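J.: Take the sequences, apply the hints, and build the full model.
Chains A and B, in that order, give the protein sequences. Take 1 as the starting number for the first sequence in UniProt numbering and just add one per residue. Take 1 as the starting number for the second sequence in UniProt numbering and just add one per residue.
It should be emphasised that the hints constitute simulated quantities derived from the structure, not laboratory data. None of these values were measured; they are calculated from a predicted model. One or more hints might be untrue.
Under 10 Å between C-beta atoms, here's a sample of chain B residues computed to sit facing chain A [claimed, not checked]:
| id | residue |
| --- | --- |
| 1 | A2 |
| 2 | L86 |
| 3 | P90 |
| 4 | L269 |
Covered stretches of chain B, going by a simulated chain A footprint (3 or more residues, C-beta under 8 Å) [as the list claims (entries may be wrong)]:
| id | region |
| --- | --- |
| 5 | 8-14 |
| 6 | 73-82 |
Ideal Cβ positions, reconstructed from N, Cα and C, are used throughout, including at glycine.
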Amino acid sequence: MTPPAIETDELSKQYGETVAIDALNMTVEQGEVYGFLGPNGAGKSTTINLLMDYIKPTSGTARVLGHDPWNDVVACHQRVGICPDRFETYESLSARRHLELVIDTKRADDDPRALLERVGLADAVERPAGEFSQGMEQRLALAMSLVGAPDLLILDEPFTGLDPHGVALVRDVVEAESERGATVFFSSHVLGQVDLVCDRIGILYEGDLIVEGTLPALRDTCDLSSDATVEDIFMTLTDGSASTTERDA
Amino acid sequence: MALPRWFPVARKEAVTLFKSKAIWTLAPLLVVWGYGPTYESWDVLGPNVTVGFVQVAGSVLLPLGVLLLTYRSIIEERTSGSLKFLLGLPLTRTDILVGKVCGRSVGAVVPFALSTVVLGTIGGVKFGLFSPLRFIGVFLVTVLYIVVLVSVATAASAVTTSAVRVTGALFGGFFLLLTLGWKRIGVGIYSAVTGNAVNPFDPPADGLLFAILRVSPGRAYRTVTNWILGVGNSGGQYTSVIDVLYRGVSTNEYVVDAAFSGQAVPVYLHESLGLVILLFWGVVPLVLAGYRFKRGDLA
Chain A
1 MTPPAIETDE LSKQYGETVA IDALNMTVEQ GEVYGFLGPN GAGKSTTINL LMDYIKPTSG
61 TARVLGHDPW NDVVACHQRV GICPDRFETY ESLSARRHLE LVIDTKRADD DPRALLERVG
121 LADAVERPAG EFSQGMEQRL ALAMSLVGAP DLLILDEPFT GLDPHGVALV RDVVEAESER
181 GATVFFSSHV LGQVDLVCDR IGILYEGDLI VEGTLPALRD TCDLSSDATV EDIFMTLTDG
241 SASTTERDA
Chain B
1 MALPRWFPVA RKEAVTLFKS KAIWTLAPLL VVWGYGPTYE SWDVLGPNVT VGFVQVAGSV
61 LLPLGVLLLT YRSIIEERTS GSLKFLLGLP LTRTDILVGK VCGRSVGAVV PFALSTVVLG
121 TIGGVKFGLF SPLRFIGVFL VTVLYIVVLV SVATAASAVT TSAVRVTGAL FGGFFLLLTL
181 GWKRIGVGIY SAVTGNAVNP FDPPADGLLF AILRVSPGRA YRTVTNWILG VGNSGGQYTS
241 VIDVLYRGVS TNEYVVDAAF SGQAVPVYLH ESLGLVILLF WGVVPLVLAG YRFKRGDLA
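T.: Written as structure tokens, this is what we have:
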């Protein structure tokens with residue numbers, strides 16, 4: 001039996017008095033595309049930061065592809081590709097150098113140029129990332145996450161800074177990686193862009209996973225019609241009280 | 001044999017430095033700083049005066065330069081978020097620290113090595129062939145000193161949460177107090193502990209005083225290089241040691257051979273123990289910082 005791609009059990013993170021995520025129980029099966037949605041400040045990045053060992057939990061446990069994400073980092077990250085949120089690239093290093101860092105550390109045999117072509121950066125291979133626009137940096141990070149054909153692809157707000165072509169590119173990449181057999185876990189606060197690519201959706205709100213399931217199932221749960229969007233579902237579940245977080249969303 | 005997992009990180013760090021203007025500016029400055037022949041040192045050392053140039057190059061400007069090249073290496077990535085790429089790789093946090101130290105060390109050794117070659121060439125042409133063993137010996141000890149400095153700066157960079165704080169700790173604390181001003185501070189500590197006032201021009205033959213002075217990484221470095229150079233047992237610059245021991249000039253430099261003239265020198269003041277002190281500075285701060293870095297939140 002293959003372990004879930006991601007499994008959290010009562011996972012919590014507090015910063016002083018502030019509860020960032022509260023006893024999160026979530027399971028992402030291998031092979032699925034899971035959209036991790038919610039407004040800014042809901043705890044999506046905190047969850048991903050925990051799963052990636054950027055930060056340590058206050059309590060609770062998690063498994064990533066069956067590995068302990070905090071004590072078995074090498075084995076775990078060997079099989080995970082991450083496209084982080086809120087990052088800068090290394091300004092003096094070329095796009096190719098960025099990819100070589102990941103390829104050589106993962107001991108993969110990818111061709112940097114091929115990966116950069118795949119994300120539309122074929123003509124920027126030797127350019128230093130300091131010259132890149134935000135969208136190009138996002139594409140570069142996406143290419144880095146694809147190195148070594150990871151079993152689990154974690155994309156944290158992958159649509160940030162992208163134009164419509166970039167958004168379409170991310171969707172294509174998600175589909176292709178899913179086709180290959182990879183699990184894709186991505187977060188987004190833009191609720192409208194995700195219904196097309198996700199098998200399942202989880203909505204995080206104020207540190208809690210308030211609902212989880214396929215889009216039709218969520219519509220049923222909320223008693224909504226079959227053309228209801230993720231936004232409609234979200235508004236129904238949060239009773240319109242999203243206005244408190246709307247301002248920074 | 002496979003390369004260690006942290007090797008690509010080290011390569012990235014070295015390449016980052018190679019692409020910066022700083023190291024290529026540092027190299028000629030080290031030559032200018034280090035080159036300083038005097039009649040007195042020529043009288044004592046002959047052609048080996050060139051070896052002394054390397055020590056001077058390694059003494060004030062080099063530590064300052066190495067700290068400047070390193071102190072932001074982790075805090076900068078933490079602030080910008082690029083650390084998320086490194087942390088997302090199949091590496092332990094220890095691997096990341098080791099890769100940082102090794103890569104930055106290579107990047108910092110290069111300008112020093114270039115300036116050493118230039119100093120050796122100029123000195124060799126002007127003052128004749130020096131002892132290649134002593135020259136290489138001082139070069140290698142300086143390389144060790146560079147690694148130690150990179151290690152200390154990386155440690156500070158790893159545990160701080162703001163670039164301002166690491167700047168204060170490294171340049172105010174480590175560089176100013178421990179490297180530049182330690183002679184005065186070390187003597188002050190000795191006087192406070194023992195109650196003995198110290199006349200710097202005629203220091204007492206007390207092992208404790210010299211041991212305290214030697215704790216400074218900069219003075220430990222010069223103790224070892226003076227030993228290789230063969231000028232005397234002291235953490236001062238080789239020219240000052242020559243002034244004290246060969247010219248009878250009264251200076252405020254602390255030289256074991258002068259203070260203990262005729263008396264037995266404690267074993268722990270042997271010059272080779274300067275290497276142990278350097279290793280201490282290279283290992284202990286990094287291990288302590290690593291302990292915290294491994295457990296902390298980094299995003």
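J.: State for each hint whether it applies.
T.: Taking the hints in turn, this is what the structure says about them:
Nearest Cβ of chain A to the Cβ of A2(B): about 8 Å, under the 10 Å cut. The hint holds. A hinted interface residue such as L86(B) counts as satisfied when its beta carbon comes closer than 10 Å to some beta carbon of chain A; here the least separation is about 8 Å, so the hint holds. A hinted interface residue such as P90(B) counts as satisfied when its beta carbon comes closer than 10 Å to some beta carbon of chain A; here the least separation is about 4 Å, so the hint holds. Because the smallest distance between the Cβ of L269(B) and any Cβ of chain A comes to about 45 Å, over 10 Å, the interface hint for this residue is violated.
A stretch counts as covered by a chain when three or more of its residues have a beta carbon under 8 Å from one of that chain; for the region 8-14 of chain B and chain A the count is 4, and the coverage holds. Restraint check on the region 73-82 of chain B versus chain A: 3 residues with Cβ-Cβ distances below 8 Å, three needed, restraint holds.
When held up to the earlier numbered hints, the structure conflicts with hint 4 and nothing else.
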